[in-house]
Amino acid sequence: MATSQEILEALADYQGQCNENRRLRKMQRDWTKLLHFVAEDTGDKFTMNVVKGEIVSFESGINGTPDIIVTSSSENFCDMFWGDLNPSQKYLAGEIRVKASQEDVVRLDAITMIIWPDV
Amino acid sequence: MTELKKVIKLRTVISTSAGMAIATSCYLAGIQLATILVGELAWISILLAGFLCLLSSLCFSELTSLYPSAAGIKLYIQNAFNEKVSIIIGMFYVILGISMVGAESYLLASVLSGTFQVFSPLYDKLLWMLFFIIFVALINIRGVYITGLVQDIMTYSMISFMIGVSIYTFATHDINISLAAQSAKFTLGNIIQAAGVGVFLFVGYEWVTPLAEETTDYRLIGKGMIWAIGILTVTYSLFIAAMYVGLTPAQLAGGTPIPHIVFGTNLFGVAGTITFIVMSVLASVTSFNSGLLNTSRFSYAMGRDNVLPRFFSKLHPSYATPWVSIIFLGVLAIVVSLATLYTGKYLFIILMAAALECFIYVVAAVCVIKLRKKYPEKERAFKIPLGYTIPIIVIVVFTGLMIGIFTDVSRDYMGRVLFPNYWVAVVMGGFFLCMVLYTLIVVPIFKKKAEAKEKTRVKRRPVK
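Quick note, the sequences are listed as chains A and B, same order. Each residue of the first sequence is one higher than the last, beginning at 1 in our numbering. Each residue of the second sequence is one higher than the last, beginning at 1 in our numbering.
Chain B stretches covered by chain A per the calculated footprint, using a threshold of three residues with CB under 8 Å from any CB of chain A:
no.: 1; region: 69 to 75
no.: 2; region: 318 to 328
If you only want the chain A side, here are some residues facing chain B, beta carbon under 8 Å, derived:
no.: 3; residue: Gln28
no.: 4; residue: Thr65
no.: 5; residue: Trp82
no.: 6; residue: Gly83
no.: 7; residue: Asp84
no.: 8; residue: Asn86
no.: 9; residue: Ser88
no.: 10; residue: Gln89
no.: 11; residue: Tyr91
no.: 12; residue: Leu92
no.: 13; residue: Arg97
no.: 14; residue: Ala100
no.: 15; residue: Asp109
no.: 16; residue: Ala110
These are computed hints drawn from the structure, not numbers from a lab. Quick caveat, the model's predicted, so the values are computed rather than measured. Quick reminder that beta carbons are idealized off the backbone N, C-alpha and C, glycines included.
This is chain A alone, in the form it adopts within the complex (with noise of 0.2 Å):
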């Protein structure tokens, strides 16, 4: 079970990564989303805020109306931040539940799947 500060910590990376990402924040220039992360073990929740595909905030708790809910388990939560967990697999497995378009489930998975081919 990964604490609230654990996933906080890789929320930090992840967003360094993204922002840092130059081919990535070209595939998400027009993808603008306010993002809520359930971890439904802990109860932790954590609000993400994309703007054209930069990463600008990211808090522990929800605000806002999203246009994403992912909800898993912490320790999925935390190993998809720092890059070592493949996103589809879980979703196809039923471990990571999403509520959005498909077209936002793809950008979401493309995320990982940029900054870390090889996952």
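Model the placement of chain B on the given structure of chain A, informed by the hints.
This is chain B only, laid out in the frame that chain A set:
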């Protein structure tokens, strides 16, 4: 639960489900159904097919309430059986499903080449087929999505149009139902056989289930499917009977692949031709687009899961769409449409799609039973009433319909034999065998490679 900014309403669930089912090939399937039975009484088989599809939709509703995900089909088969079975059935479903795009493009090309001649009928068909498949592939790569509102407008316009034309036809033509009931063709066997073909009219209604992730209440998907099947049943019942009486015996005997265009021309002249062509293009393009959209996302996910080669998960650098999957499936659709053009056996693919639907409905019903036994306590937003009764009925009836399709012989309006349907079973069996061999031989190689790669990769997460 927190609400999403944009959610899909029941209205759009219904229009998407019904819109996926309405396609140019439906008119042809409708006339084939009417030929098996008696045109004026075709509605009996359509009602029966609609009722049976409605029972199958209950199975999809329960499964969607268990796994409200775009990956639903893989998830519930995997949980009911195992991963290998889910890959075999999932890929079988997708590949045969995309072959429908090939047949649909052939029929749409027939519609257009029969009206606007540029070179010769053959080359015109070829050009239109390539144009539509490439056009839909390009808009898919470009990431153009049909919004809920556009889908609503298109589907409800098509349905209103079909119902309006049917009422007009009934008001202007003589229909003698009691005479039709005395026909030698009006038998219980033919009613059931025609209902087997009638299942084709509803093909694709269940492709609305991936929208579960965009709804506020998963039960909306189930409600939407029921409404869509009900609306389609009424619309087709009226329209196919109207189309049958609106065509002359010579036109019916001619075996045209575009009966609705001929019907439209008979009714309203050139205006009818143009209006029906527009409706046909709308119906086909929306079905193509949704078909390619769903199947390409499935292939993308399979590529990411190391079931298909990794390049299937390549995304377009500007539009974030799975362009390799889209092109691969587009090429597959072109191959099928060329085969249809060469052989002229479009009815073969229609029957194959009807049999595939029957197969998938049986799989869904088996999954409902297995998952209830395996996870009796798991929360279900919707549970089919009457215990196992409905899933068992679905299994028995659709297995029977599938066997009925395979053991029958396809004939034209004049009763001439077109082909024995066991060839449909042979081709489907061949595809299924290929999927089994692929899953048992090739997939383990991809999985092993991925595992080996995973072992050598240094984890980034700090160890605490």
